[in-house]
Amino acid sequence: MTTKLSPTGDLIFFAVFAVAVLTMPVWLAPVGAGYPDLLQKFAIFGLFATGFNLLFGLTGYLSFGHAAFLGVGSYTAVWSFKLLGMNPIPAAILAVATSGVFALAIGYVSLRRSGIYFSILTLAFAQMSYNLAYSVLTPITNGETGLRVLQSDPRLFDGASESTGPLISNLFGVEMTGWGGFYFCAVVLLVGFFIAQRIFRSPFGIMLRAVKTNQNRMTYTGLNPRPYTLAVFVISGMYAGLAGALMCITDPLAGAERMQWTASGEVVLMTILGGAGTLLGPIFGAALIKYFENIFSAFNEQTLHEIFSFLPDFLEAPVVSIAGLFVGEGWHLTLGVLFMLIVIFLPGGIMEGVSRIGRLFKRGSSKAEPNRQTAPAE
Amino acid sequence: MDVILLQLLNGLDKGGAYALIALGLTLIFGTLGVVNFAHGALFMLGAFCAVSFNALLSLELVTIDPEKTTAWGTPLEIRTPYVEAYMGDFGHWILNYSVPVSILLAIPVMLLVGFIMERGLIKHFYNRAHADQILVTFGLAIVLQEIIKSIFGANPIPQAAPETVRGAADIGAALGFDPGVIVYPYWRMVYLGFAAAIIAAVFAFLQFTTFGMVVRAGMADRHTVGLLGINIERRFTIVFAIAAVVAGLAGVMYTPILPPDYHMGMDFLVLSFVVVVVGGMGSLPGAVAAGFLLGILQSFASMNEVKAILPGIDQIIIYLVAVVILLVRPRGLMGRKGVMES
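Protein chains in written order, with the working numbering: chain D, 1 to 378; chain P, 1 to 342.
To be clear, the hints were calculated from the coordinates, so they are not data collected in a lab.
Treat each hint with caution, since some may be false.
Said to hold, decoys possible - What follows is a list of derived Cβ distance ranges for each label pair: (1) I295(D) to A220(P): 32 to 40 Å; (2) N214(D) to T224(P): 20 to 28 Å; (3) N214(D) to T209(P): 38 to 46 Å; (4) A20(D) to Y126(P): 38 to 46 Å; (5) Y126(P) to L150(D): 33 to 41 Å.
What the hints assert, rightly or not - Which chain D residues stay away from chain P? Per the calculated CB distances, all over 12 Å, these: (6) G60; (7) R113; (8) P154; (9) Y183; (10) F194; (11) L269; (12) A276.
Treat the numbers as computed from the prediction; the structure is a model and nothing was measured.
All C-beta atoms in this analysis are idealised placements derived from N, C-alpha and C, irrespective of residue type, glycine included.
With the rest of the complex left out, here is chain P (with noise of 0.2 Å):
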């Protein structure tokens, strides 16, 4: 039972970033009919908007304090980052809170990228082959890992979480069952709170508001939208930069957990792909189950149990499912009907 518990927990927060990245994909297919294989790097972008205003603030003043010396005789140099040297505490605590506080920054950094990008590029890509979609946005995500990359070069660059949620909670201990059994850090929780409150947000967003209700009419039937008299293509950039943020903040917030690179995007589109297809195409709630759903079974299959009786399992679990589902559910588990079916 604990066993199983620590699984579930283990497999929702990173079922929450494919849910994350897969609901901004699904968002475009539905409305925009674009199959957008960039969305990887822009949750990479996201991961890399933590990491450079982490940079930035730890820019450091360097003063020498005359009074004392090193051990080697050199007068010692005290180095304050510049935020803590002139904000004082304020300054401290934006250090230590960098990566929620860089959310500030991702928000509009990912709604410039996913506004150029959708008129720049995406908007002539319409009425082209889906092959043709695909090409170009796998061009571009190239681009832009590789940019990446000549920024901040190829290793994973280590973002800290928060010094308040550094640690792990021993859920188990407050559930009954034996102490150290089931621990679970506290930034994954944050994570799984954060995914849910992102998604609850698109969700309210596209349900309660007039903008919402115009976009889900143009996933049911774009051509009578845009025969409504309805600017359907203005929409249509605004869906792009919020599938953009979506994916940016999920990227954001994933840094204390995984440590960024440059082809973090690509590892996930693949798995967010296989995510949306499961989901079915177009479906924003298959896109969220479907994400913690093989989160969930991707942690399950890793259980050394598990791989006991079926090794490998763990490496092919999720793919394994997407070419069941495919096969059994051709539009997958909550597909529309003639959703990307030419």
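Just chain D, same shape as in the assembly (with noise of 0.2 Å):
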């Protein structure tokens, strides 16, 4: 892990990461993911998953239940769209004041159990609110629909201007749609990423380590854990609720199926494929996933066959059709498989794998480094 970065170190590397991320639509095109729709999933996407690790990377609570915030969060965004207009400052706003809100009572009830007590409580929130969205609460969240923003509605401020224009967020007349939706996912993502870094870096990150670390001895010591808690799992739902405004704003629509709990483990997948409880890893996690996923669901039989095309006619059917078995609809099967060998092989995720190759590569050239492995963590 590099927390031995000194503070001039963070700066570099926050700078790197945002000129990277920036300017992703030039190096990201050669392996054609440079289009606007799919950046702004990765953004997206890595701000969710950068939110829940802070949770799950740097306390070791595995919450189940982190779509609830993106459903609220969507929720709200959509709302503050309808009434106040299509601006999205106010709908980010408002997004994380009631997903905070939201996880501030789903974690003081859960956050009073630990380890797989609380990775149940989380779910059954998460299902409860799920449920609700789609039955007694469809007054509010349109239930199966999904909630959209109609002509008729009153966007108290920018309703009667402009009330026959198409219903697209807009940033004081940028569209947040295409590449204007992108670089300010972007920017809103490096946010994110910024506050998570001094998070990790700042006492109140240690704590939360120690929180991870062993729990009791924390106690021990005379602190509390539970404020520390508490606080990092409002954050982490913000952050969630803040990835489902962005969602909204670059495509005003929620729907209840963004709050499924199949939606809280593709996060945890992102997390765990990434590095959990290491910065850059989740962001990595959610790109290549939301990659991934748009590439192989394009695949059908034909681009297939075009593939194996070399192989003799006689194995290239049944690769064809195994290979078959995992693109297309068959993503998910691929996303499972992904996760299992991950979590078997590679419990620290790409990070990592990345920080091995280092080490080996570090090994050949000085025997004198020692090999300090440190000890999973319960």
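Two chains, two frames, a set of hints: combine them into the complex.
Below is the structure:
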């Protein structure tokens, strides 16, 4: 881990990251990812995973209900569009506020327990929200149809002037679709990343790591872990809410399926895949999953035949039919397999893989470096 | 009174399914100390054992009857399932009873699945963090469910109950209420009886056999059992396989009530986890009691009278109960100290 970085090092790290994110359209174009819709997703899910990682990576509390905050953020954002107008700024602020309050309520209850009980409590709350959004709360959430902005909505601040305009969120004239949307999301991601970096380096972050390492000892030294965990739970919920708001800013539609627990599972996977407890990992993980989702779901029998056309005929048919299971509709199968492989062989995610390779090279050059393997925390 | 009785009955069969899944889950918790998120997938696999058995039986022999023609003038095709063509009445009987008979297929299949899962995957996760166990079994659940989806498609496949138990019993009339008020399908009664029998069998196995004694000892203190020179790992494999069979059988028999589709396991898994937590981690009687309790509560909450007072309560009652229980009685209804509390 790169905990030994100096403040200047952090700043350089952040600057490099910022440049990398903002130039994504350029350097991701050769791999076929250089278009705004996908890059928006990278940024949004990167933010979501960064927030989740603050909770899971630092404290080790595995929440299985984070999608609930995403959903709450989405609904708030759409309601802000409906009532206040299509400006993304109030939508984002309101979404962060509501999801924060929501997280405070859920966290206050759930954090009374730890371990598997905590996971199940958060799962229970998320399922409750999901079920309610589908049934009783239909007046607020519009149930299965999904909540969208209508021409007839009041939209206090811009409704009168351009009531016939397209219903796209716009920031003082810049429309939040396409590249405009991407840069907005990217800037929000950078802000989120900066805050996360500060939290990682702060005494608060060290307290959170202490919770993960040994909660008992922390209690013995006279510190109460609850305020710290609750605070990070709320922050993490706010990140999720903000990510939900961004989804609606780029596409003003909110549906209850965003709150389903499979969505919570997805963000867990992103974080694990990239490497929980690292700064960059979750963003890597989110981008990788969204990228492969995009690529793999677009494959079909035809493209597979083209890819495997170099094989002899008797081999090609079975290979194509087996590979066919994993692409297109079967993308989730790939996801599941990937999930298992990562947890089994590389619990630290990609970041651990990178550092392992790095160590390998280092050992090759100077044998003096002792192998400091950190013990996995319970 | 009659309304209450009706809801009680309605809750029982669902409660039976919850109880069976939760029983297996808590058995795995208690002995292996593993959080198995793939247990719902085992339930689903069981259900699809019934589906594939039925599909296998329904392979048809097509013969052309030259004497008769259809309304369109083409020769009449007579389709008879192979089993019926070769085995006559017995074949017909098997086809009719395909759901209960597929238990015979499901037991070895689920034993094998449980065995492979434990030896191939779960074994390596005994000493990993619970978060890792949750994640790897969650991934496995996704894989299993996607495999089933790619074989059987995404739509639910209805399975018929045997003809003799296809109707519904007018229990109300038998008990002296007005006829037609309390009507309960026969198959749900069968399911209830079946669930009770399985639960009884598992408890008897644990209570009255030497193997069961070792397992119970392992649940109480795994470490000491190991020190006594008992190969507890081998027993774990068998315990896991038994839990898989219990979940699978629950799935087989549930098919006439709920047409199985690939994600039925996930739906039941979340609820079963809640059941286990409410009953108390690692407590078998707790899991069974909580299963039936929550099933009944759910059916009461879906009464119109209740919904009129508290709209939407039927959707969230189970989770609400779980939250309250976890906060009031942190170890669940019958939980023991020190299980899964790291």
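Here's how the hints hold up against the structure:
Hint check: I295(D) to A220(P), Cβ distance near 51 Å, so the stated range 32 to 40 Å is violated. For N214(D) paired with T224(P), a C-beta distance near 25 Å keeps the hint of 20 to 28 Å intact. Under the hint 38 to 46 Å, the C-beta atoms of N214(D) and T209(P), about 41 Å apart, fit the expected range. The hinted window of 38 to 46 Å between A20(D) and Y126(P) holds, with their beta carbons roughly 41 Å apart.
Roughly 55 Å separates the CB atoms of Y126(P) and L150(D), a value that falls outside the hinted 33 to 41 Å. Residue-level check failed: G60(D) sits 7 Å from the nearest beta carbon of chain P, not beyond 12 Å. Residue-level check failed: R113(D) sits 6 Å from the nearest beta carbon of chain P, not beyond 12 Å. For P154(D), the requirement that its beta carbon stay farther than 12 Å from each beta carbon of chain P is met, with the minimum near 27 Å.
Every CB of chain P lies more than 12 Å from the CB of Y183(D), the least distance being 34 Å, so the non-interface label holds. At the 12 Å boundary, the C-beta of F194(D) stays outside the reach of chain P, the nearest C-beta of that chain being 27 Å off. The claim that L269(D) lies off the interface is violated: its Cβ sits roughly 8 Å from the closest Cβ of chain P, which falls inside the 12 Å cut-off. Separation of A276(D) from chain P is inadequate, the least Cβ-Cβ distance of about 9 Å not exceeding the 12 Å criterion.
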